[in-house]
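In order, the protein sequences belong to chains C and D.
Just so you know, we're using this note's numbering here: the first sequence kicks off at 1 and counts up by one.
Just so you know, we're using this note's numbering here: the second sequence kicks off at 1 and counts up by one.
Hint data in this document are derived by calculation from the structure and do not stem from the laboratory.
The structure presented is a predicted model; accordingly, all values stated were derived computationally and were not measured.
Now the stretches of chain C that chain D is said to cover, found in silico as 3 or more residues with beta-carbon under 8 Å:
id, region
1, 8-14
2, 17-31
3, 47-54
In this text, a Cβ means the ideal position worked out from N, Cα and C, and glycines have one as well.
Each chain, written out:
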Amino acid sequence: MTSNPVAEPRDELLLCYCTMLTIGELRAACQSGRWPLRDKENTGKLCTACVGDLLYCLRRFGVDASL
Amino acid sequence: MSNSLSALMSATFYERGYDHHVEVIHQRDAEARRRLESLEVTLYDGAGALLATPKVDPAQDILDLGGLVTAATRASERVMVVLDARYDEAIFPYRPHHYAYLHRAGSAAPPLYYAINAVLGGVPDRVGATNINNFETYLFRRGPFAQRYSLLLGCLARFVPVTAQVFTYYGSRRIAHEVTLEPKCHTEIVLAAEDAGERLSRVEVKSLFRLLSYVVGRREDTDDFVLFDHLFTYAK
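Looking at chain C on its own, in the form it has when it is part of the complex:
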């Protein structure tokens, strides 16, 4: 058994399963000021299960985000 500390956002991790947005794509978009990406506008709005993770990552990547 291993403990489960909060994971570091790895680029290859799939963040939004509904729009197929990866952490790496989000990081790159934030760094270049292109968030929200075209065709990924629905990220977090469909199944809604990734919204908390999305806000966490946006803040980590320097975007002032809230619901």
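We have chain C; now place chain D onto it with these hints.
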């Protein structure tokens, strides 16, 4: 086969003593057998500790959760089984789901069939659905209960905890309960059958970030599951 794959992360709960089989894909066409591109299975205890990552063949039609959990862990408590699939959209052209069969070994109670809760990726962008689905309801049947009811909740978030409000209704009276789950943690919330002489009529789960959720019923005398179902989103 399309060039891009879709993704689905769904989950259920395994308890020892049950035959619990997941139908990964319902094979509808004998001439065109379908399979997932990949399937990763992870098992977690209630505190969110990773118990095991058993290897499975994505071409399997049926997963035997009892065999999988028993071979991979010594856990005697409830285990959250997370299924992380990649698939071609032709397999699940609308809302993707795996399905499951559940029956306590040797029990005279009828088996249960249910849709496994599709938590992440349950509403693919391609289907164009926009109804909010993080406010879910279950309506209980009227008549006397021979069951004990509860909610099984799990958190599939990767980085942040999720807080949910659980509302139970007894006649015109509503009782609120708040629960916060850290990533990969899960819990059972017992729903009292009566309050102040009124019978439990409805339960609602409301959270900003959707949780894994099932409403379950167990027989008073044998403790067997007689209900294992997801809640429903009623669009206004």
